[in-house]
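Protein chains: 4
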Amino acid sequence: MNKIKVGIVGYGTIGKRVADAVLLQDDMELVGVTAHSYNYRMISAKLKNIPMHTMNGSIPHLQTVGNFDDLLKKVDIVVDCSPKKIASENIEKHYKPHKVKAIVQGGEKPHTTEASFVAQCNYKDAINKDYVRVVSCNTTGLSRTLNVIDKKYGIERVDATLIRRGADPWDIRHGPINAVVPVLELPSHHGPDVKTILPNMNIFTTAVAISSTLMHMHNVIVDCKETPNVDEVIKLLQDETRIRIVDNESMVRSTAEIMELAKDLGRNRADMPEIVVWREGIGVSDNKLLFMQAVHQESDVVCENIDAIRAMMGFVDAEASIKKTNETLQIDIGKY
Amino acid sequence: MNKIKVGIVGYGTIGKRVADAVLLQDDMELVGVTAHSYNYRMISAKLKNIPMHTMNGSIPHLQTVGNFDDLLKKVDIVVDCSPKKIASENIEKHYKPHKVKAIVQGGEKPHTTEASFVAQCNYKDAINKDYVRVVSCNTTGLSRTLNVIDKKYGIERVDATLIRRGADPWDIRHGPINAVVPVLELPSHHGPDVKTILPNMNIFTTAVAISSTLMHMHNVIVDCKETPNVDEVIKLLQDETRIRIVDNESMVRSTAEIMELAKDLGRNRADMPEIVVWREGIGVSDNKLLFMQAVHQESDVVCENIDAIRAMMGFVDAEASIKKTNETLQIDIGKY
Amino acid sequence: MNKIKVGIVGYGTIGKRVADAVLLQDDMELVGVTAHSYNYRMISAKLKNIPMHTMNGSIPHLQTVGNFDDLLKKVDIVVDCSPKKIASENIEKHYKPHKVKAIVQGGEKPHTTEASFVAQCNYKDAINKDYVRVVSCNTTGLSRTLNVIDKKYGIERVDATLIRRGADPWDIRHGPINAVVPVLELPSHHGPDVKTILPNMNIFTTAVAISSTLMHMHNVIVDCKETPNVDEVIKLLQDETRIRIVDNESMVRSTAEIMELAKDLGRNRADMPEIVVWREGIGVSDNKLLFMQAVHQESDVVCENIDAIRAMMGFVDAEASIKKTNETLQIDIGKY
Amino acid sequence: MNKIKVGIVGYGTIGKRVADAVLLQDDMELVGVTAHSYNYRMISAKLKNIPMHTMNGSIPHLQTVGNFDDLLKKVDIVVDCSPKKIASENIEKHYKPHKVKAIVQGGEKPHTTEASFVAQCNYKDAINKDYVRVVSCNTTGLSRTLNVIDKKYGIERVDATLIRRGADPWDIRHGPINAVVPVLELPSHHGPDVKTILPNMNIFTTAVAISSTLMHMHNVIVDCKETPNVDEVIKLLQDETRIRIVDNESMVRSTAEIMELAKDLGRNRADMPEIVVWREGIGVSDNKLLFMQAVHQESDVVCENIDAIRAMMGFVDAEASIKKTNETLQIDIGKY
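Residue numbers (this note's numbering), protein chains in the order written: chain A, 533 to 868; chain B, 533 to 868; chain C, 533 to 868; chain D, 533 to 868.
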């Protein structure tokens, strides 16, 4: 079988992780990655022998094997991890002319691609498509858990409060240092975005940003059609892939301890790709189900990009793709 | 008219503020304050000529005029601002034997006093009582706003997410430095506590602690009996005492800028005793009203203690007491 | 005596404080303040009846009495608190043509004015000058304490590490949230800037920025010509104006507790204009004096602006000006 | 050759890392680890098939193969990673009676063991010893860099300011959230502790704790006997093992970006065992050398424990031990 030839545009938070993940797939070949400038991330790229390409002009200190156009001539599909708006512009300017398939990330508008994507919710929507959008970390997180609950109990309405990390761990420029910053739009954009994955979901979200670099937190209230049972919900979520139950009983009391658990699990970059739900944070009141989940903004979409590549290249078996991705990325290891 | 003779037990975050407030009331006399040890707060007490009393033994560096027992002999009423549980023990051990009335704070259990208290909600419940509990900063905040909404539209159910400051500004010992810490009990204790003020309120709360020292934040969802109107709600809250509307339009985008506004207003210790609601954070979806409010944990209950003193000493006119307290403490100044 | 007619350009962190301070001086009149846009600071300006002027065009929601040019026609002297570089451009473009004296702040280059200024170090240098620069918060802090030590023991060399707050308390946009960010220039600009006040000082500084909004911290090492004595140094600093000794013994263990003490002292905006030195942080090793000081970046230069106004307007008695400024701003109250 | 039988007491921050490191050494066998209670760290221990032992009584949820005494009967040497003071008590109470060698960590007093240890400075001092102390993360960091500089230029005196992380990343209980907390003892304990490794070093340290969980920072001033040269110092440090030069030019501007680089390098738990020195932070002024270094408090001593095991068991070739340890732990990979 021919390997899928993959190119990655942008070697930042998501791009470098997708690159590492592609390197682990036996049905994919990492043809190359583009970069704009030299920085410390290139030290790791060099250790991994990743063929680098310039976006424009030469890059001091960096050994490159070609430019963006050269890369596009060699690949079947591109994973574009450029900052917001640039990836969707690249579709029109570069990928369509080069007849290259492309995945863009959750910062792009939904209408710029043929489908939005969360593997365990709507893998089939991406099959054989040319342009697909892997949704944002928060939308991925909400879709994974709500989809399970909806299938079991039916969902009338969801109200969620998103407590967003203020900046990524490496980002020293953005705050707040000591404040809560409400998102003063109602609903926040997250609610509507979930509907690109789960079209019938009636969901309303509010959001605040806080002074932490670790994980987003979601406090979720679900009006169910059938009254849910706490133990049953725990088991449902435990058995679902890419969701992990943790508990206070084993001292996982915070997003900080989740990140420490991630270090202990030994995976690449100490990532936590599963959506993490606290066992003791699941409750039922009237017909409402309440739960609290944490989302590792840097990593939960990496596996989605891998599955989206397969779907777009015509691999039709969702379950097989997810299984393969999980095994290579050690997803779901060490679950209760 | 004889002035009410007030003693204050504990000169910490709340105690020192209540002391300052009592000093401003022309119907009250600050007979004395107790302290356990010498610290920087005594510098200010000395500047204000506050008569200090020891709790037990002598206190190095501190000039005192007597001890706890001496204080109890001189006062009509005590505001006990001791750490959790100690104040309610003091009722049995000290205040009842000395036939001294006492106010305790929100950390005490409701059943240890005759009434829980938020002036604008249930002033009359404290009239002529001997032992009253001023509820916590969060309960005070929720009660003030929900009471207004309930009277106008009727409330079926409230779901609120409390995003709690991790430690007070002066507190260098407690964290988290970089994490979200969910409160893993459902509901958190705040919901049931609101019922001590608004007995018919059907309210469910979840809470997380975060890495900020400034204000608690509440994201509130209210199922109303009648569909609320956003502009009407803004006006309702604006017109209510001890609630302040702010907006993004004048660059109040965060709890940090609320605290800066508080400094600008020139009040004592740069406090913000009003519950602060963002205009642009008020919305309606189906029959649900959503709003976001910030609570200054150090100061919103200070005026409540002053009104509770009056009620317990037999002053029956709630509105007059609130007005007098507000004027002396400059509450509601500079409101839109 | 005619009052000095003062205008203030820029109503931000420093501008609003200088405005408040001018309002308290019986030999000065606050003719007006300029603003660029409407924001929450205008709520306080309105409460204080400060005449506002537009910088350019009209400002929605804000009642103004004129524009920048109108203000310049009415004043003897301007305190320009504009962001870096703008104030020194204003000297050439506006103040010289209008024959208006002007004070600029520490962000401007020294050569753009006739003198740099810290009242207790070099008041006389500003007498009758037209353009003077009040140096930055950090330079002010280092100059105040080093000047005292130099006069007593003679200083060979100073090495200081500045641990800078990452952003001001109200500033929610800047980080870092969780990092130490070294200033990778040697020396940092602070060392050379001290020489604009104390020309013979041999000082070398390094700096890092951290995740706090409260005060800068200076760890200072002074090679003295004569061996200093710890108790004598404590007394020297204690007796000097605009320096405050605090101690661990009274539980002032951190910049947070200094800010809490500032709230307790009851001054405007809970400011701490004195440079704060820890008693237990003063030590001697060989002929080196070591000490740790904290600088309230928002307020220590406010009194300097007031004294600079007097000096520039021909008031020659430094001590009398400092005394008057101190009394009106309650500087040095509650010192040990 | 018989493998060295190693036991580890305490499975916290250091213990779990030393356990992982021992598992990678072909001349060592990890006989077992002790634990006090069940927590999330046991999830990872189970994945790695580490034989667990109880300290006292049984531990709910945890499968154990014996207790502390059982472990001591099976091992040649113990690495004790207990909290401060407990490890040195264990020497007297348990390790001497069982005739088991033991390594304790930097929290213990120097006199409780026969030698303090940093492999590249004084490996030989630990050869064939029974009780050795691996010094703290900060002492290790200062010793590694100062030793190189001393050998080249001779050191007259060192003054260092330590800017300490307030709490470890997983630690949600400790602050400060928003403050600088000076260590009010002069010198801080770090200076004297360096002399346990480099006995002739004349070093004085001051310290502050800040609101960050990532790395300690050291701003170091070295009075050299011979005037140092910046380029030469860069090369010296670059060529020394367990020290890593980074630079602003490749966007490593902060401790946060060092930790991100650590993630990129792909090592276990995203650790950074090398002491990290900024190229642009190295300077010379008069005969003083200035530099800034960052210390990963969780990991820099792990390799030291491995080398100490070998030295104590009679392996005399320091360089060979360091090389073996480095290769197995991927130390020094990706250096410039």
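Simulated from the structure, these hints should not be mistaken for lab results. Among these hints, one or two may not hold up.
For identical chains, the list gives no copy identity; a pair is met inside one copy or between any two copies.
Pairs of lysine-lysine residues, derived as DSS-like cross-links and limited to a Cα-Cα distance of at most 25 Å, are as follows [what the hints assert, rightly or not]:
(1) Lys661 to Lys580
(2) Lys684 to Lys855
(3) Lys537 to Lys684
(4) Lys605 to Lys767
(5) Lys727 to Lys535
(6) Lys578 to Lys867
(7) Lys727 to Lys757
(8) Lys580 to Lys867
(9) Lys820 to Lys727
(10) Lys856 to Lys580
(11) Lys820 to Lys580
(12) Lys867 to Lys727
(13) Lys661 to Lys625
(14) Lys820 to Lys606
| So which hints don't hold here, by number, going up? | 1, 3, 4, 5, 11, 12 and 14
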